[in-house]
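*Asks:* Listed below, chain by chain, are the residues.
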Amino acid sequence: NAGVTQTPKFQVLKTGQSMTLQCAQDMNHEYMSWYRQDPGMGLRLIHYSVGAGITDQGEVPNGYNVSRSTTEDFPLRLLSAAPSQTSVYFCASSPLVDGHEQYFGPGTRLTVT
Amino acid sequence: KQEVTQIPAALSVPEGENLVLNCSFTDSAIYNLQWFRQDPGKGLTSLLLIQSSQREQTSGRLNASLDKSSGRSTLYIAASQPGDSATYLCAVLGVYGNKLVFGAGTILRVKS
Numbered sequence: 001n002a003g004v005t006q007t008p009k010f011q012v013l014k015t016g017q018s019m020t021l022q023c024a025q026d027m028n029h030e031y032m033s034w035y036r037q038d039p040g041m042g043l044r045l046i047h048y049s050v051g052a053g054i055t056d057q058g059e060v061p062n063g064y065n066v067s068r069s070t071t072e073d074f075p076l077r078l079l080s081a082a083p084s085q086t087s088v089y090f091c092a093s094s095p096l097v098d099g100h101e102q103y104f105g106p107g108t109r110l111t112v113t
Numbered sequence: 114k115q116e117v118t119q120i121p122a123a124l125s126v127p128e129g130e131n132l133v134l135n136c137s138f139t140d141s142a143i144y145n146l147q148w149f150r151q152d153p154g155k156g157l158t159s160l161l162l163i164q165s166s167q168r169e170q171t172s173g174r175l176n177a178s179l180d181k182s183s184g185r186s187t188l189y190i191a192a193s194q195p196g197d198s199a200t201y202l203c204a205v206l207g208v209y210g211n212k213l214v215f216g217a218g219t220i221l222r223v224k225s
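If you read the sequences in order, they're chains G and U.
First residue of the first sequence: 1, per our numbering; consecutive thereafter.
First residue of the second sequence: 114, per our numbering; consecutive thereafter.
It is possible that part of the hints are untrue.
Unchecked claim - Calculated cross-link-like contacts (lysine to aspartate or glutamate; reagent style EDC-like; alpha-carbon spacing at most 20 Å): (1) U:Lys212 with U:Asp140; (2) U:Lys212 with G:Asp73; (3) U:Lys212 with G:Asp56; (4) U:Lys114 with G:Asp73; (5) U:Lys181 with G:Asp56; (6) U:Lys114 with G:Asp56.
What the hints assert, rightly or not - Chain G regions said to be covered by chain U (calculated; three or more residues, Cβ under 8 Å): (7) 18-30; (8) 103-112.
Read the hints as simulated data drawn from the structure, not as lab findings.
Glycine is no exception: its CB is placed at the ideal position from the N, C-alpha and C atoms.
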């Protein structure tokens, strides 16, 4: 199993550009989520999904969209990038079983100029 | 709203010392608590997962304890090595919404 994969590893955007961060998992996990990590802070939840066709907002959802058309994929879209979205983004997945461990991808480092 | 605090924010110790990292959380309604390690510029590596019904978990030189009623967890690292230098994050999984809440982390430096 590849586990949780994320692409790209690095990305530089100009303010106002849009892009999609990709996340995929091959463990048949129902639950997937996106976090952002900023210096001096822990990870904060952006959006999550409990299965195909079901998504919900986390702590910091503004400026981001998600969709879940398949169990495997959970892309994160930035509609109009802003410098405040410069961060490291992590995707995670787990079985939808109460209290199960979450598995994290390697992260995408995004810079918005 | 769940809040997770980690103390100290940074720690520098000589090689060979035993050390303790602290994590506290405000809402005891949790499924589990997880400790992660993060090397600079890298992703998260899961170290230990403690279910809410457990008191501690051990893996090699690492031992994590959980006192759910007081909202505290500690990560004990025995005989520290320079290779242990990293940021250590704790995160709690609440019973409402399956959401992980992270602390800001403790930056550990072990000097040789």
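*Asks:* For every hint, state whether the structure bears it out.
*Replies:* Results of checking the hints against the structure:
no. : hint                   : result
1   : U:Lys212 with U:Asp140 : holds (13 Å)
2   : U:Lys212 with G:Asp73  : holds (19 Å)
3   : U:Lys212 with G:Asp56  : holds (11 Å)
4   : U:Lys114 with G:Asp73  : violated (29 Å)
5   : U:Lys181 with G:Asp56  : violated (28 Å)
6   : U:Lys114 with G:Asp56  : holds (17 Å)
7   : 18-30                  : violated (count 0)
8   : 103-112                : holds (count 6)
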